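Trainee: Just so you know, the sequences run in chain order U and E.
Residues 1 to 280 (UniProt numbering) make up the first sequence, in order.
Residues 1 to 760 (UniProt numbering) make up the second sequence, in order.
Since the hints were made in silico from the structure, they are not lab data.
Be aware that one or more of the hints could be misleading.
[Stated by the list, open to error] Below, a sample of chain E positions facing chain U; criterion: calculated Cβ distance under 8 Å:
no., residue
1, Ala207
2, Glu211
3, Glu597
4, Thr623
5, Val625
6, Arg627
7, Ala630
8, Ser663
9, Arg686
10, Asn688
11, Pro691
12, Thr745
13, Leu750
14, Leu753
[Stated by the list, open to error] Listed below are several chain E residues computed to face chain U (Cβ distance under 8 Å; list not exhaustive):
no., residue
15, Arg121
16, Ala122
17, Cys264
18, Pro323
19, Val575
20, Ala622
21, Arg675
22, Lys680
23, Glu681
24, Pro685
25, Asp689
26, Pro746
27, Pro747
Here the structure is a predicted model, which means the values were calculated and not measured.
Glycine included, C-beta positions come from ideal geometry on N, C-alpha and C.
Letter by letter, the chains look like this.
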Amino acid sequence: MSRFTVEYPTTAEETTRLLEAETVIVGGGTLTVPALVRGELTAHRVLDLGRLGIDRITADGTGIHLGAMVSYQQLITSELITTRLPLLHRMASGITGGIQIRNQGTVGGAACAARPNSDVPAVLTALRTVLSLSSRSGTRRVPAGEFFLGAGRGDLRPGEFLSGLAIDVLPPQWTTGYYKLKFAESSWPVVTAACVLGPAGSPDPGEVVLGAVADTPLRIVLEGVERAEVEHAVADRVAALPEHRRWSDVRAGSGYRTRVCAEIACRAVRRALAARGESR
Amino acid sequence: MPGKTQRWPKTDGFAYAGGTVTYLDDLRPPGLLHMAVVRSTRAGARLSTVDLSEAKRVPGVVRTLDGREAALHLNPIPYAMGDPELVGARRDRLLALAVDEVRYAGEPIAVVVAESPRAARAGASAASAAYEDLPDRGPDLLAGNEFRRGDPDTALASAPQRFEVTFSIDRSTSAPLEPRGYVAGWDERAGRLTVHAAHQQPFLLRAELAEVFGLAETAIRVVVPPVGGSFGLKMAGQPEEPLVCLMSMLCRRPVKWIESRAECFLAGAREQVHRVQAGFDRDGRVVAFRDEITIPVGAGSATPGWRQAYVSAATLPTAYAVPHVAISAKVLTTPLPPWQSCRGYGKETAVLVMERTMDLVARHTGLDPVEVRRRNLITPESMPYRMPSGYLVDSGDFPALLDKALRAADYRQSGAGSAEGLDGVGLAFEVTPEGGGHASGPLDGRQATSALPEAATVRLEPDGQIVVLSGVTNPGGGNDTSLAGLAAAELGVSRDRVTVVQGDTDRCPPGTGNASSRGTAVGGAAVVLAARDLAGALCKAAAAHEGVPAEEVSLRDGRVQLPHRVLGLDELSRVVDRDALSVTRTYRPETLRGPHETTAYRHSYPYFSSGAYVARVRVDPATGVVRVLALTAVHDCGRVIDEVLVEGQLQGAIAMGVGLALSESSLFDDDGTARSRSFKEYLIPRANDLPSFHIGHHETPAPGTLLGAKGAGEAGVGGALAAVANAVDNALAGHGAVVMTVPLTPPRVLDLLYRPGVRR
C-alpha cells in the first residue's frame with residue numbers, strides 16, 4: 001500500500017517530461033487501479049493518460065491508426081474497425097466484462113501489460129501492428145512481433161509511453177479468424193488463436209498466432225490450411241518451445257495448453273476459411 | 001418462469017435491482033473510523049513478534065492492536081450453534097487474534113484503525129511479523145463421526161456385485177455479492193454497544209459479544225441492514241466481530257470493518273474425500289453402503305462451518321433405503337483458513353456421493369439409472385423414515401417426484417456423440433434436511449437437543465397499517481415478502497399494508513436469524529399464529545364495541561366487516577385497548593417419531609425437502625469444456641408459500657450447484673497461501689454460462705410444521721451438482737471414464753477422456 005500523486009498530462013511533451021521520474025502509467029486502469037487499491041502495486045507517482053486525447057481511430061491510405069487509449073467499446077462500435085479490421089472487432093466483442101469494463105479497458109493498456117493470458121497481444125501480433133513508443137528523444141516504432149518480450153514485459157523503455165498503434169489493412173481477399181478458449185464467461189482466456197489467411201491458392205497460405213501457450217504470442221507460419229497441416233505446424237512449433245517459455249497459470253497448466261492449442265488453431269483457421277466462403 | 005407474472009413479487013425488489021438498498025457499507029455515522037486486519041503470511045508457525053511501529057507512523061492511523069493486547073480485553077469466542085461435544089468434536093480455545101502461534105495464512109494477528117479505509121489498509125500493510133518454523137504436525141483429528149445400520153461387513157462380503165470407488169470434492173466457497181462487514185459504536189456513558197452487521201444471526205451475535213466482553217445482552221444492540229447475500233458466510237463466530245467492537249471501545253468512536261473480496265475468498269468448505277464401497281444385487285438393489293470419509297475443515301473456528309462435516313456424514317445414504325450402512329468420517333483440522341458455512345451445509349456433498357454411487361450401480365448392472373433409483377428410493381409408505389444417523393425423513397413422495405422430473409425433462413438415456421460434442425444426461429435425487437438440528441442420533445444418555453423456536457409480533461398501528469416484527473432475518477432472498485403475505489392473509493388486508501421489521505435485537509422478538517431454510521417454514525408459522533391471534537382479538541374487540549356477536553365479525557378487504565357496516569382498521573385501533581393491538585407468538589416445529597419407535601432420539605432437522613434433477617450437457621472432446629444445455633428440477637418444499645420466491649431460491653442454488661460441478665475451486669499454494677483472491681481465479685457461473693432452468697413443484701406437506709411448509713434455500717445445490725456430474729459421466733461413459741472428482745474443469749475432463757492406456 002502506497003501513497004501517490006496522480007498526474008493528468010494533456011500533451012505528449014508534458015507526458016514525456018513527467019516520465020523522467022519513476023512513474024506508473026495508467027491507461028484504462030482496469031488492471032492497475034485495482035492493483036493499486038489492493039496494495040499489490042506500489043507507486044509514488046501515477047500518470048493517467050486519460051486526458052491526453054489519444055483515443056481516436058483514424059484511417060489513411062494504407063491503414064488504421066489507433067490512439068493508445070482507444071477502448072474496447074470503440075473497437076466494437078467503430079464502423080472503420082468493423083469493416084476494415086474485423087479481427088480486432090471480433091476480439092473486442094469477446095472481451096470478458098460488462099459495458100463498464102469495455103468502455104474503460106484500452107487496447108494500448110492491454111498491450112503494455114503484456115499478459116500472456118489476454119486477448120490483445122496475439123491479435124496485435126497477427127495483424128502485424130506497429131506500436132509507437134514516444135519519449136523525449138522522439139518516437140520509436142516497434143512491430144508487435146518484437147514488442148512482447150515475456151510475461152508482463154513489453155519493450156517499453158524508461159521514459160517511453162505507448163502513444164498509438166498502426167495496423168495495415170489486409171489486402172483484398174485476405175481473411176481472418178479468431179477463436180478463444182476460456183472456461184467460463186468470467187474466465188481469462190486459456191488459449192487464443194488469431195488467424196490471417198491469404199487468398200485461396202496463394203503460395204503464402206497465412207499464419208496463426210497463438211496466445212497463452214507461451215509467455216509471448218507464438219507465431220506459426222502455415223504451409224497449408226488443411227487440418228493436418230495446421231496441426232502439424234502447431235505441433236512442431238510448440239514442441240520446439242523451451243520449458244521455461246511455456247505458459248501456465250491458475251486456470252490450466254502448460255500441458256493442457258499444449259494438448260489443446262492445435263485444435264484452437266484449427267478452429268481459428270476454420271473461421272478464417274469461412275470468412276472467404278469455405279468450410280472445412 | 002413462464003406464466004407466473006406477479007405484481008410486486010418481492011417487496012424490496014426494485015431497491016435491490018436498482019442499487020438503492022442501504023447496505024452495511026453505506027452506513028457512515030459521524031466520527032467513523034475504519035479497521036483493517038493484519039493477517040498472517042505463514043501457516044503453522046510460531047508467531048515471534050508482531051511489529052506495529054511502522055503501521056502507527058502511517059498518516060491517519062489512530063490505533064493498533066495485537067493479539068496480546070486483545071487477549072487482555074476479550075474472552076475466547078464461544079462456539080456458535082451449540083457445544084462442539086454435541087457432534088463428537090474436540091473443544092478448542094478460540095481467540096480473535098493469534099497469540100504466539102499462527103495456524104493458517106490469513107489468520108488475523110493484529111488490527112489497525114484509521115481515519116479512512118485507505119489509511120487503515122496502508123497501516124495494515126506496514127505492519128510486520130516474525131515467524132519461526134514449527135515442526136509439521138500434520139492434520140489433527142477434530143471429530144470422528146460414525147453411523148451404522150445392520151451388518152454392512154457381512155452384507156458387503158455376500159453381495160452379488162460390489163465396487164469400491166473414491167470420490168473427491170474440492171474446497172469451494174459461498175461468494176456473496178456483499179462480503180461481510182460490521183459497524184460498531186460504543187456509548188461509554190450509557191455502557192451500550194450498538195453493532196450494525198451484515199449478518200444472518202443477530203441474536204446469536206449479541207449473545208457471542210456479551211460473552212466475549214462480559215456484558216449483559218441487554219447492553220448490546222445488533223441491527224442488520226439489508227443484506228446482499230449470505231449463503232452461510234455471515235453466521236456468528238467470526239474474529240472480526242468482537243475486534244471491531246473492541247476498537248470502538250478503545251477509540252471511543254464508531255468503527256467499521258468491511259471485508260475485502262480477497263479476504264472473503266479465504267472462507268471455504270465442502271472439501272471431502274469419500275472412499276465408498278457399495279454392494280448390490282443384479283436388480284440394482286443396494287444392500288450395503290460403506291463410506292470412509294476424510295474431511296479437512298481448515299483451522300478450528302467458533303463459526304458453525306466445520307459442523308458441515310458432521311451433516312455430510314449424517315445425511316448419507318440420502319434418499320435411499322439401504323439396509324446395511326457404515327459411515328465413518330474423520331474430521332481434521334488443517335493449516336488452511338477455517339471452514340465457513342456454505343449453502344447446502346454439507347448436504348450437497350452427501351447427495352453428490354450417493355448419486356454418483358447410484359449411477360455406478362446402474363453402470364455395473366446395465367440398468368437405467370432411473371430404474372436403479374426407483375428400486376432403492378425410500379417409499380412414501382415408510383415415512384417418516386429414520387436414517388442410520390438418526391435423522392428422520394419426515395415426508396415426501398420420492399417416486400412421484402422422480403417421475404414428474406423425468407416427464408418435465410423428457411428424459412432419455414443419452415451418451416451419444418453429436419457433431420458438436422459428446423452429449424450426456426444426468427439424473428440426481430436430492431434430500432435436504434432442514435429446519436435446524438444438525439446433531440442427531442439416539443439419546444442414549446447423550447446431551448439432548450430440542451427444536452429452536454421462532455417468534456413474531458404482529459401489531460396494528462393507529463393508521464391501520466400492520467407491523468410484523470420477526471426473529472428471522474432476510475439475506476436478500478425475500479422472506480420478508482412471504483412473512484408480509486402470511487400476515488396479510490390472516491388479517492384480511494393487502495400485503496402492501498404490512499411492514500416487516502427484522503434483524504434488530506432491540507425491536508424484534510428473539511430468533512435464529514436465517515439459517516437451515518427455516519425463515520418461512522418456522523418464522524412464517526410464528527407470524528401466522530400471532531396474526532391469527534391478533535385477528536381474533538380485533539374481531540372480539542370490534543364485536544364488544546359494536547354490541548354484536550363476535551362470530552358475526554370478520555376482517556376482509558382491509559376492513560372490519562360488521563353485520564350492518566364496515567369499520568376501518570384505523571378506526572378500530574382508536575377504540576380498542578392498546579394491549580389488544582399487539583400479539584407475540586412463538587412457534588417451534590414438532591419433533592416427530594418414526595412409526596413404532598421405542599428409542600428416544602435427539603431433536604434433529606424437523607423436515608426434509610426433496611428434489612429430482614435432470615441435467616443435459618455437451619462435452620467438447622477436444623478441450624474438455626462442458627456446456628450445460630438444460631437443467632430441470634422438480635422440488636418438494638411442502639406447501640409453496642410464495643412460488644416466485646421459492647423459485648428465486650432454486651435459481652440461485654442450482655446456479656451454485658452447476659458452479660461446484662464445473663468450475664468453482666478455492667486454490668491454495670503448497671505453503672497455504674490463497675491463490676483464489678478474485679472472481680478471476682474463482683469462477684462462478686454467469687448467466688451466459690447457464691441455460692434457463694425449468695423448475696416445477698410437487699407439494700407434500702410437512703407433518704411437523706404449522707403451514708406444511710419445508711425449506712427453500714439450501715436445496716438445489718446438491719441436486720444440480722450431482723445431476724451435472726452424472727451428465728458428464730454419462731457423456732464420457734463411452735470412453736470408459738468414471739467421474740470421481742469435482743469440479744470437472746476442462747483439464748480434468750481431458751484427463752478423464754484420454755487416460756494413458758485407454759483406447760480413444
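Trainee: For every hint, state whether the structure bears it out.
Mentor: Hint check results:
For E/Ala207, the suggested interface contact is broken, since its CB lies about 35 Å from the closest CB of chain U, more than 8 Å. Against a cut-off of 8 Å between C-beta atoms, the interface hint on E/Glu211 is violated, since the closest Cβ of chain U lies about 34 Å away. The interface hint given for E/Glu597 is violated, since its Cβ lies 48 Å from the closest Cβ of chain U, which is over the 8 Å cut-off. Annotation: interface hint on E/Thr623 holds; nearest CB of chain U at approximately 5 Å, less than 8 Å.
The interface hint given for E/Val625 holds, since its Cβ lies 7 Å from the closest Cβ of chain U, which is under the 8 Å cut-off. Hint on E/Arg627 is violated. Least Cβ distance to chain U is approximately 11 Å, over the 8 Å limit. Using the Cβ-Cβ criterion of 8 Å, the hint placing E/Ala630 at the interface with chain U is not satisfied: the shortest such distance is roughly 18 Å. The beta carbon of E/Ser663 comes within 5 Å of a beta carbon in chain U, closer than 8 Å, and the hint placing it at the interface holds.
A cut of 8 Å between beta carbons decides the hint on E/Arg686: the least distance to chain U is about 4 Å, and the hint holds. Because the beta carbon of E/Asn688 sits about 5 Å from the nearest beta carbon in chain U, less than 8 Å, this interface hint is met. Among the interface hints, the one on E/Pro691 is violated; its C-beta lies about 13 Å from the nearest C-beta in chain U, farther than the 8 Å criterion. Hint on E/Thr745 holds. Least Cβ distance to chain U is approximately 7 Å, under the 8 Å limit.
The criterion of a C-beta within 8 Å of any C-beta in chain U is met by E/Leu750, whose closest approach is roughly 6 Å, and the hint holds. Taking 8 Å as the C-beta contact cut-off toward chain U, the hint placing E/Leu753 at the interface is violated, the least distance being around 10 Å. Annotation: E/Arg121 was flagged as interfacial toward chain U, and the flag holds, the nearest CB pair being 5 Å apart, inside 8 Å. A least Cβ separation of about 4 Å between E/Ala122 and chain U falls short of the 8 Å threshold, and the interface hint therefore holds.
Proximity of E/Cys264 to chain U is violated relative to the hint, the smallest CB-CB distance being about 13 Å (cut-off 8 Å). A hinted interface residue such as E/Pro323 counts as satisfied when its beta carbon comes closer than 8 Å to some beta carbon of chain U; here the least separation is about 42 Å, so the hint is violated. With its C-beta approaching chain U no nearer than about 57 Å, E/Val575 sits outside the 8 Å limit, and its interface hint is violated. Taking 8 Å as the C-beta contact cut-off toward chain U, the hint placing E/Ala622 at the interface holds, the least distance being around 4 Å.
Interface hint at E/Arg675: satisfied, since its Cβ lies 6 Å from the closest Cβ of chain U, which is below the 8 Å cut-off. Given hint, E/Lys680 at the interface with chain U, holds; its Cβ is 6 Å from that chain's nearest Cβ, closer than 8 Å. Contact between E/Glu681 and chain U, as hinted, is supported at the beta carbon level, the nearest pair being about 5 Å apart and thus within 8 Å. Taking 8 Å as the C-beta contact cut-off toward chain U, the hint placing E/Pro685 at the interface holds, the least distance being around 6 Å.
Contact between E/Asp689 and chain U, as hinted, is supported at the beta carbon level, the nearest pair being about 5 Å apart and thus within 8 Å. Given hint, E/Pro746 at the interface with chain U, holds; its Cβ is 6 Å from that chain's nearest Cβ, closer than 8 Å. Interface hint at E/Pro747: satisfied, since its Cβ lies 4 Å from the closest Cβ of chain U, which is below the 8 Å cut-off.
In summary, the structure is inconsistent with hints 1, 2, 3, 6, 7, 11, 14, 17, 18 and 19 from the numbered list given earlier, while agreeing with the others.
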